[in-house]
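Novice: First to last, the sequence lines map onto chains B and V. Everything in the first sequence is counted per the working numbering, starting at 1 for the first residue and increasing by one. Everything in the second sequence is counted per the working numbering, starting at 1 for the first residue and increasing by one.
Treat each hint with caution, since some may be false.
Simulated DEER-style distance windows between Cβ atoms [to be verified]: (1) GLU203(B) <-> LEU188(V): 24 to 32 Å; (2) SER205(V) <-> PRO186(B): 52 to 60 Å; (3) LEU105(B) <-> LEU216(V): 45 to 53 Å; (4) ALA89(V) <-> GLU306(B): 34 to 42 Å.
Hints listed in this document are in silico derivations from the structure and should not be mistaken for laboratory results. Bear in mind that the values here come from a model prediction, so they are computed numbers and not experimental data. We treat Cβ as the ideally placed atom computed from N, Cα and C, and that holds for glycine.
So the chains spell out like this:
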Amino acid sequence: MNGSNGGRASGDVWVLGEARQLGECAPTLAELSGKAREMADSLGAVTGEARRVIVVMLLDSAAERLARPEEAARSGADGAMIVRGDRLPSDRAACGRILAHLAGLHEPCIILAGATAYGRSVMPYAAALLGTGLTADCTGLSIEPGTGLLLQTRPAIGGNITATIKTPCRRPQMATVRPGTFKAPPSSEGRAFETAEPDVPAELFRSGARYVSFADFSESDRTLEDRDVVVSGGRGLRRADGFRLISELASLLDAGVGASRPAVEMKWIGYPHQVGLSGRVVSPKVYIAAGISGSVQHMAGMQTSECVVSINRDPDAQIFGISDVAICGDLYDVIPRLIGRIRKKLEVLE
Amino acid sequence: MRIAVLMKQVPDTDDVKMDAERGTMIRDGVGGIVNPLDLNALEAAVGLRGEGGSIVVVSMGPPAAEEVLREGLALGADRAILATDRAFAGCDSLSTSRVLAAVLKRDGVPDLVIAGGKATDGETGQVGPEVAALLGMPVADNVTRLSACPDGVEVECTLEDGILTQRLPMPCLVTVQSDINSPSLPTLSGKKRASAAEVERVSASDLGMAPPDTGLDASPTRVVRITSQRVARQPEKFFAKKSDSLEKGLDRIMEILEASGAIGRGGGAVERL
């Protein structure tokens, strides 16, 4: 194999769907199906052969009731391959083996998954078994004109540089994609959708991992990656109960509460809320940073947000350099007024 | 329990400075440190080792990476193995995983492998699950609690939507997050022991590997381009001290929030009931 045959490699574009413990499909499915459609079409143009978008879902009975892979048809998928097994999604090694088995049989040219806890376990497991390349946590994907190779971009060194990576000689080309990177396409009707339930050797289903229990987070503990809006506080809060104000604003916006590392280190709030290189990496529609100066460490975790609003007393705060709206002032003056505005708006809406 | 902990030397990027013009990291004066999550991994191993158990710390890297293994020894590891060879240069995550898996096999596959969830330099988080796959082990990632149970280990994994508890039979591999524990500092006696201890070195030929089966040539991924990040935005600036400026700023924020659909979508409504 060599790089020039990349575009001629046979195969479809796969999206690994993800059924969460409570059953619903993770929101990444529509985003990735839409992107996969786009890539399948550009590949088709390069190679002159139509490429399909196939959703692969590994489900158990709990997930089966709620997960609806066929909905991916509205984002551009042509079909789904569904494998069912008791407690399957939580057994990452079994999922990795099954995905590798299916990919070995059907030879897709690309497999995408969300860079979620699930995707970031199952994809490397499968990639290692397939002996192929995997690029983690991509924030951009495209098809290279001419070669038809998948170009994968991802931030590195704390978000200070962007690396473009490809897998020239191995198939499939695999990537996990940061949730929220691509917009789900507008829903379209009428695409034919075929569902297959392939036979998978029984020994692949059990890695030995045994499910014990699952405790779902309360709404406020839901992790930040899934949120459309994140409101974060930092050292500028000056005291632990500053997070009450942050939480009040967040609850009005159905937003997640984030924090900078200093705020977590001072134990004002728990580690699951930490945004940054050593915490969560988020890419919401709106990120509101209050009292956060903008260390490299923090910005690596939020700079791909669609829109950044920051509030800081320091007119030279680094965070302003990656903000769309910068309010120079004391957050204790600004946020209560913002809350007042939102409440007023909500009353009008009612 | 025989435990192996995977460790990596990373640049101390905590206060990383960038050369804005070239888009490169200023490495002068930036030392190599143990990847922070690997210290959590080692701390978890020390807690689990038990009587008669042993911990081996394993790394792949240049000869200087021996330092991080000495730190591992100072923190309680019994042995250290460094896979180091020019032939390993240019390894991507899969090739690195192949080297580490080969080291573990050569040393006798341990009951439990613990790794940090990701390294602060590459940030792929792929080496753990890839090593598990190559060794045919079950894997649990995002582990925030780890304890021994009769047939193996019980782990709590902190996922996006909740906490998954599962049991893995041995041998198995887990990758940990930082809230699993607070790493200890090395003791004086630990440091003394570490400086006297031997770090075993393993070369490519010891593992039966040679290019093109290891290093860059064996790595399926290629970096084709590096560009400096230009997430620089020109903010609209408003000043809270000037009340008309603040009002305009609040107007802008409201526009943004409304455009994103964040207002009147449930959270607020629930609170007002």
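Novice: Each hint should be assessed against the structure and marked as holding or not.
Specialist: Hint check results:
For GLU203(B) paired with LEU188(V), a C-beta distance near 51 Å fails the hint of 24 to 32 Å. About 57 Å separates the C-beta atoms of SER205(V) and PRO186(B), a value consistent with the hinted range of 52 to 60 Å. A C-beta distance of roughly 30 Å is found between LEU105(B) and LEU216(V), which places it outside the suggested range of 45 to 53 Å. Taking the beta carbon of each, ALA89(V) and GLU306(B) are about 39 Å apart, inside 34 to 42 Å as hinted.
Checked against the numbered hints given earlier, the structure breaks hints 1 and 3 and satisfies all the rest.
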